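Undergrad: Here's the letter readout for the chains.
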Amino acid sequence: MDWLNAIVQGMLLGGLYALFAAGLSLIFGVMRLVNIAHGDFIVLAAFLGLATTTALGVHPFVAALFVIPAMAVIGYALQRGVLNQTLGDDLLPPLLVTFGLSVIIQNALLEVYSADPQKLNAGPLEVTSIPVGGLSVGLLPLLTFGVAVMVIGGLQWMFYHTALGRAFRAVSDNQDIAQLMGLNRRHIFGLAMALALAVTALAGILLGVRTSFDPASGGARLIFGFEAVIIGGLGNLWGTLAGGIILGVAQNIGAQINPGWQLLAGHIAFLVILAVRPTGLFPRMSG
Amino acid sequence: MPEPMLQITGLNSYYGDFQALYNLNMHVDAGEVLAIIGANGAGKTTLMRSITGLLPNGPGEVTYKGDAIGALRADQIAFKGIALVPEGRQLFPSLSVEENLLIGGQTGRAGPWSLDKVFELFPILKERRSAPSTALSGGQQQMVAIGRALMSNPDLLLMDEISLGLAPVIIKTIYDALPEIVGDGMSAVIVEQDISKALSVTSRLYCLQEGRVTLEGQSKAVSRDDISRAYFGVE
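From first to last, the protein sequence lines stand for chains A and B. Heads up, the first sequence is in the working numbering, so the first residue is 1 and it goes up one at a time. Heads up, the second sequence is in the working numbering, so the first residue is 1001 and it goes up one at a time.
These are calculated hints, taken from the structure and not from any lab test. Fair warning: this is a prediction, and the values are worked out from it, not measured in the lab. Hints should not be assumed to be uniformly reliable.
Just a few of them, taken from the derived set where beta-carbon distance is under 8 angstroms, the chain A residues facing chain B [claimed, not checked]:
1. ARG166
2. ARG169
3. ALA170
4. ASP173
5. ILE177
6. GLN179
7. LEU180
8. GLY182
9. LEU183
10. ASN184
11. THR279
Over the 12 angstroms line for every Cβ pair with chain B, so calculated as not near, a few chain A residues [claimed, not checked]:
12. GLU111
13. TYR113
14. PRO117
15. ASP214
Every residue gets a Cβ at the ideal spot worked out from N, C-alpha and C, and that includes glycine.
Let the hints inform the model, and build the full structure from the sequences given.
TA: Structure, rendered in structure tokens:
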């Protein structure tokens, strides 16, 4: 039963990892930009959630209503103001610039909030659990998983059934020809980053409710997000969810064997899949 | 004499340090179907990229309906009503046939062309509307590329090497569709290496050689010798 429990809890944890990863996957898919600061944006969102809850005295999920649009605006401004200038044939400039952003965000947060761990208080929701066939499933992890499925499903639908999704795919395919269709790629990239950071905002709030965070927590979230994306296969959103679940399950099984092995087990699962299936389990479906 | 729809004045275009077009002068009148011929590397595709804004130019080097558009971005020019059928078709591989056409209509310009109208012109595309664009034959892909450009209801349609790499029977189908395409008074520029095809459907031609105009004339009036000289630069 302990093992089954580890697997179920791991799957639910995987939902959170998929949320970390969805934004990464989206912007890599649309503009081939690897955002090294992604983990720090997740933490930034958690701190914005903290600021909102303390300022207004609201529940973290209500704070999300402010944090999501705020992160989207930050994303659009950042893309138009900074990141668009780094995009080109060379992959290095965006890597360096986002690495710099990562340092800036971490230090700015450190300056304002110090290195003390913080936590978003979601009240009784945090400890409520539902008995499921002998297992006790936490309501919060279940909710997180549900949000992840909805977000991934929503992104997938947006990508394949809306004009915006069509524009994202077209710009990703061929930027020049997409421009000829009247699509301003700088604007489209801005929208993609806005959307990615809106998802990141959700991930940050859920992270902050689940566990404590501090300005230096971003790095590990970036790694988990990357691993989920690579395991699932680049450019496949449902694959990213599967990747998150595999990572979460591997970590929890590792922890079940020996509490010190939690992170190691996740990384080993990632390396094994990378060695066996370098393109990930579900490489991009069409195109 | 009315002002030409598109006027190119002293256009110089560069790829990095390489100059592809030298002080080019050219115009397209409203409702005219024009041919641009020339050998590989003569600068035809560069010219198309300059007109559509994919290559940056000086503002006054290209004027369209009286506006200097030389320095505008490609997406801004698209909204003004210039559409390109690019060399090598260049469909969006992750979009279906129908999506490729729909994205051509992204600018939302009003006019006679719609999805149904394109399907009427090329019925095979209707059958294959949900297929990935990569699953189509070369000729069908060319039809999508033309349809995609038409979907923006352009006033000026540029077609770059639409017969390249296609079987003669397909080329005939596509060229047979041309009168219907330009019938509504749309201006068109046809870039071709196949000279006789180009001359048969156009009223006027320019010949490019090494980035310069070497011949301009009425398609019916120019002689084969003139074209050979302008095309190859030999006496």
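Undergrad: Against this structure, judge whether each hint is valid.
TA: Here is what the structure says about each hint:
With a cut of 8 angstroms, the hint placing ARG166 of chain A at the interface with chain B holds, because the nearest CB-to-CB distance is about 5 angstroms. A distance limit of 8 angstroms between C-beta atoms decides the matter here; for ARG169 of chain A the minimum to chain B is near 5 angstroms, and the interface restraint holds. At a threshold of 8 angstroms, the smallest CB-CB gap from ALA170 of chain A to chain B is about 5 angstroms, leaving the interface hint in force. This hint holds: ASP173 of chain A has a C-beta 4 angstroms from the nearest C-beta of chain B, less than the 8 angstroms allowed.
The restraint placing ILE177 of chain A at the interface with chain B holds, with a minimum CB-CB distance near 5 angstroms, inside the 8 angstroms limit. For GLN179 of chain A, the interface hint holds, the least distance from its beta-carbon to any beta-carbon of chain B being 4 angstroms, beneath 8 angstroms. Using the Cβ-Cβ criterion of 8 angstroms, the hint placing LEU180 of chain A at the interface with chain B is satisfied: the shortest such distance is roughly 5 angstroms. Nearest Cβ of chain B to the Cβ of GLY182 of chain A: about 4 angstroms, under the 8 angstroms cut. The hint holds.
Because the closest C-beta pair between LEU183 of chain A and chain B is about 6 angstroms apart, less than 8 angstroms, the hint holds. Because the closest C-beta pair between ASN184 of chain A and chain B is about 4 angstroms apart, less than 8 angstroms, the hint holds. Taken as an interface hint, THR279 of chain A does not check out: its beta carbon lies about 16 angstroms from the nearest beta carbon of chain B, beyond 8 angstroms. Here GLU111 of chain A stays apart from chain B, with its beta-carbon at least about 39 angstroms from theirs, past the 12 angstroms limit.
No beta-carbon of chain B comes within 12 angstroms of the beta-carbon of TYR113 of chain A; the shortest separation is about 42 angstroms. For PRO117 of chain A, the requirement that its beta carbon stay farther than 12 angstroms from each beta carbon of chain B is met, with the minimum near 43 angstroms. Against the 12 angstroms criterion, ASP214 of chain A stays outside the reach of chain B, whose nearest CB is about 40 angstroms from its own CB.
The structure fails hint 11 only (numbered hints given earlier).
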